[in-house]
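J.: Note that my numbering gives residue 161 to position 161 of the sequence shown, counting from 1, and the numbers run on in steps of one.
Honestly, the hints are just simulated from the structure, not real lab data. We put the CB at the ideal spot given by N, CA and C, even for glycine. Hints should not be assumed to be uniformly reliable.
Claimed, not checked - Pairwise CB distance ranges (calculated):
#, residue 1, residue 2, range
1, Thr-214, Leu-88, 18 to 28 Å
2, Lys-250, Asp-81, 16 to 26 Å
3, Ser-182, Glu-210, 23 to 33 Å
What the hints assert, rightly or not - With a cut-off of at most 27 Å between alpha-carbon atoms, the simulated DSS-like pairs for lysine-lysine come out as follows:
#, residue 1, residue 2
4, Lys-231, Lys-246
5, Lys-66, Lys-143
6, Lys-143, Lys-26
7, Lys-245, Lys-143
8, Lys-94, Lys-143
9, Lys-250, Lys-143
10, Lys-250, Lys-203
11, Lys-66, Lys-94
12, Lys-203, Lys-231
13, Lys-245, Lys-203
14, Lys-250, Lys-231
15, Lys-245, Lys-231
16, Lys-231, Lys-26
17, Lys-26, Lys-250
18, Lys-66, Lys-26
19, Lys-94, Lys-148
20, Lys-148, Lys-66
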Amino acid sequence: QPVRQVIGALDAAFYLSFDAVEPTGKNRVIALDISGSMGSDHVAGMPITPREATAAWAMVAARTEKNWICVGFSHELIHLDISPTQRLDDVLQKISNLPFGSTNCSLPITWALSAGVNEIDSFEVMTDNEINIGRIHPFQALKQYRQKSGRAAKMTVMATTSTGFTIADPCDAGMMDVVGLSPDVPAVVANFIRGSAENALEKARALLLEPNPTLERAREITAELEAAGLKDIDAFWGRWDFFVKKLEGKR
Numbered sequence: 001q002p003v004r005q006v007i008g009a010l011d012a013a014f015y016l017s018f019d020a021v022e023p024t025g026k027n028r029v030i031a032l033d034i035s036g037s038m039g040s041d042h043v044a045g046m047p048i049t050p051r052e053a054t055a056a057w058a059m060v061a062a063r064t065e066k067n068w069i070c071v072g073f074s075h076e077l078i079h080l081d082i083s084p085t086q087r088l089d090d091v092l093q094k095i096s097n098l099p100f101g102s103t104n105c106s107l108p109i110t111w112a113l114s115a116g117v118n119e120i121d122s123f124e125v126m127t128d129n130e131i132n133i134g135r136i137h138p139f140q141a142l143k144q145y146r147q148k149s150g151r152a153a154k155m156t157v158m159a160t161t162s163t164g165f166t167i168a169d170p171c172d173a174g175m176m177d178v179v180g181l182s183p184d185v186p187a188v189v190a191n192f193i194r195g196s197a198e199n200a201l202e203k204a205r206a207l208l209l210e211p212n213p214t215l216e217r218a219r220e221i222t223a224e225l226e227a228a229g230l231k232d233i234d235a236f237w238g239r240w241d242f243f244v245k246k247l248e249g250k251r
């Protein structure tokens, strides 16, 4: 039987850990996949379901940010009223037992477009990657949003499982795919939203296009990517690691 005191201590530590997350000060849309598949399976390497992971992510934003909106999406979009004072079990109850359907990851962005919400800096989509794109791909919707709003909005897609499917455009430094969840993911995403991770990705992608890239420059950029916390988290890392190893093989 679980020891009540131990469970209480772990519960308190979970909520206290939010204090270690530095707010971005940006306008964020936290978009949670509420489709039926989120309640089954587990996040890679963790004994929790994708739905439990998304609830925890929403709580991080609720307790650290001032300007944020939380929405749930499947075949339609709904607004989720999540407050900083709620506990994890309350949030889980709120995002469960909803009208689930197929998963359209574009809905958070197309909603902002149609509603004239033009102040968003970051769209953060959490999904298990069991998706149905819909009439417009998310990266196309984001580009339309940027044109209409005049803001350099970013998109982070956090997939609790890997299906080999990329939602973000790997050639756009303002979009990032994250596969799996680990304790450093909130800091990685925050760095990306603030721009430090984006700058490192921009340099890396530029070097990939150079006709005569040097190993020395590649190693400098690798250090920046690692400092931004992107190693083994961002889906771009595998491509970059292959590129650097190929340069090393030429020496």
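J.: Are there hints from earlier that the structure breaks, and if so, what are their numbers?
T.: 1, 2, 7, 8, 9, 17 and 19
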